[in-house]
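Q: Model the full structure from these sequences, guided by the hints.
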Amino acid sequence: MTTEATPISVRSAEEMLPQPFRVTEIRRETPDTMTLALEPTSGPGIEYAPGQFTMVYVFGVGEVPISIAGGQEGKLMHTVRAVGAVTRAICALGPGDIVGIRGPYGTSWPITEADGRDLVIAAGGIGLAPLRSTVQYALNHRDRFGYVSLIYGTRSPGELLYEDELREWRSRFEIEVEVTVDRAADGWYGDVGLVTNLLPRIFYDPEKTTAMVCGPEIMMKVVARELGSRRVGFDDVYVSLERNMKCAIGFCGHCQYGPDFVCKDGPVVPYSQVRNRMRVAEV
Amino acid sequence: MKLDTWRAGRDLLADLSANEIEFLESVASEVTFSKGAVIFEEDDVADTFYILQEGTVGLELTTPGKPPVVIQTLGSGDLLGVSWALPPYSWTWRARSLTDTTLIAFDAVKVRERCEVDFRLAHQILRLIAREAIRRLTGARVRLLDLYHHEAR
Ligand SMILES: Cc1cc2nc3c(=O)[nH]c(=O)nc-3n(C[C@H](O)[C@H](O)[C@H](O)COP(=O)(O)OP(=O)(O)OC[C@H]3O[C@@H](n4cnc5c(N)ncnc54)[C@H](O)[C@@H]3O)c2cc1C
Ligand code: FES
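Protein sequences, first through last, are from chains A and B.
Residue 213 is where the first sequence starts when you use the numbering used here, and the numbers rise one by one after that.
Residue 3 is where the second sequence starts when you use the numbering used here, and the numbers rise one by one after that.
Derived by calculation from the structure, the hints in this document are not laboratory data.
Built from N, CA and C at the ideal position, the CB exists for glycine as well.
Each hint should be verified, as a subset may be incorrect.
[As the list claims (entries may be wrong)] From chain A, some residues computed to sit far from chain B (all C-beta separations above 12 Å):
#1 E237
#2 I238
#3 P252
#4 G274
#5 R356
#6 F446
#7 I461
[As the list claims (entries may be wrong)] Some chain B residues close to chain A (C-beta under 10 Å, calculated; not the full set):
#8 D13
#9 L14
#10 G60
#11 V71
#12 T75
#13 S78
#14 G79
#15 D80
#16 L100
#17 T101
#18 R138
#19 A142
#20 V144
#21 L147
#22 L149
#23 H151
A: Given below as structure tokens:
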């Protein structure tokens, strides 16, 4: 028996078709960042792996890639910072509004491959969003890992995401949660300094550590280097890349980063794969 | 004060030989500070340095009439105090205990004296300080870029 391959144009047309999702809840995280809970208006919704992203389409405004911060049974959670036309429109949505979602796309954090290893999860700013589900996975499967630590840095205490969850994660004493800010305000009793300052505080065996790092590119580079100087191999340090996207399925080339397309070869890649490119301007 | 067990798994003192660790142990003692206590004051003579065992210490900049600004915090495993190693041997910042803290205190005068005759120790100590200073400088430079504000993520 022979099977007929689906013509590529038909496949891509299907992959490009957004599914309608309804906003069920929207919560302010920081002055410019909102978290949205979304459910499919019909159908099974979207199953994803931590680290993947969707394309979120606001009707009449445009479409942007947004990491999946959580959600179960086909539902999704996205955390969005308003920086331009589309992200501002997403942050202005209210319960009941409909958006188009396609995906999930891209590579994921190697959380299942990290069985038996120590985990260092390092987030900067809104980079905690794509890592949120890895923290939850680690908590839900705690006995599969050695030491598990989340180190998280933001600009100021008012810009921390998921404050209630951070408190809850910390209070469970199953993983180490360390938070630092660049600038302290009055009344902040926590840490001040770059996220790398937190590395001496946490326990991990460099020989059997998997690190997952997400934040601004410079932050990821500095954390990866610092982990390297502490003898964690660059093959075991994963970063999540960000480039402008259009198709998100490897056709248009908008997200090209050296020889890779971030939408399908990324966003999550081993640092060893991109280390040289991260030194070059305008890649 | 036993440093050997403490240093296992931490890279701060990893490069020091057994003899050097033994010498540092001979000039070390454990000290505690309660939350809010000043460990050293800006411009004071820097004759002790510390390694933090437990708790958090803030390096503060003080300006008259204003609450102190915490420039950086240090925690378990961090070196507290760098200015003791180079003239004029006076502290640049105030160090204050932000929680109850336990520290290993080293007699910096004795370490400086020993470094005058033991060049390997001097080399190791300066390497340790340079490494920490570079890490903190990198941290400070990256924070100056105000990354989280300018980039979406
Ligand atoms: C794989 C992936 C996952 C992402 N996940 C998230 C997420 O979970 N949450 C989230 O809020 N954002 C996320 N982003 C970034 C998001 O896609 C962009 O912020 C968005 O495309 C901007 O579109 P816009 O129309 O709102 O702004 P535009 O009108 O395109 O841009 C407005 C201004 O913002 C700047 N800008 C645009 N994109 C970025 C960016 N990525 N970083 C910094 N400045 C930018 C532009 O230079 C311009 O000055 C992700 C991006 C990628 C590639
Ligand atoms: S967005 Fe089109 S190839 Fe990646």
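Q: Each hint: holds or not?
A: Verification of the supplied hints:
1. E237: Fine: 22 Å to the nearest Cβ keeps A/E237 off the interface.
2. I238: Consistent with the label, A/I238 stays out of reach of chain B, its closest Cβ about 18 Å off (over 12 Å).
3. P252: Holds: least Cβ distance 25 Å, greater than 12 Å.
4. G274: 15 Å, holds
5. R356: 22 Å, holds
6. F446: About 18 Å separates A/F446 from the closest Cβ of chain B, which puts it past 12 Å; holds.
7. I461: At about 22 Å from chain B, A/I461 clears the 12 Å cut-off, so the statement holds.
8. D13: Nearest chain A Cβ about 6 Å off; hint holds.
9. L14: 7 Å, holds
10. G60: At 7 Å from the nearest chain A Cβ, B/G60 passes the 10 Å test, so the hint holds.
11. V71: 7 Å, holds
12. T75: 4 Å, holds
13. S78: Hint holds; B/S78 Cβ to chain A Cβ min 5 Å, cut 10 Å.
14. G79: 4 Å, holds
15. D80: 6 Å, holds
16. L100: At 6 Å from the nearest chain A Cβ, B/L100 passes the 10 Å test, so the hint holds.
17. T101: Holds. Min distance 8 Å.
18. R138: Since chain A brings a Cβ to about 8 Å from B/R138, closer than 10 Å, the hint holds.
19. A142: Holds, because the Cβ-Cβ distance from B/A142 to chain A comes to roughly 8 Å (cut-off 10 Å).
20. V144: Since the shortest Cβ distance to chain A is 5 Å, the answer is holds.
21. L147: 7 Å, holds
22. L149: 4 Å, holds
23. H151: Result: holds, 6 Å to nearest chain A Cβ.
Consistency note: the structure conflicts with none of the earlier hints.
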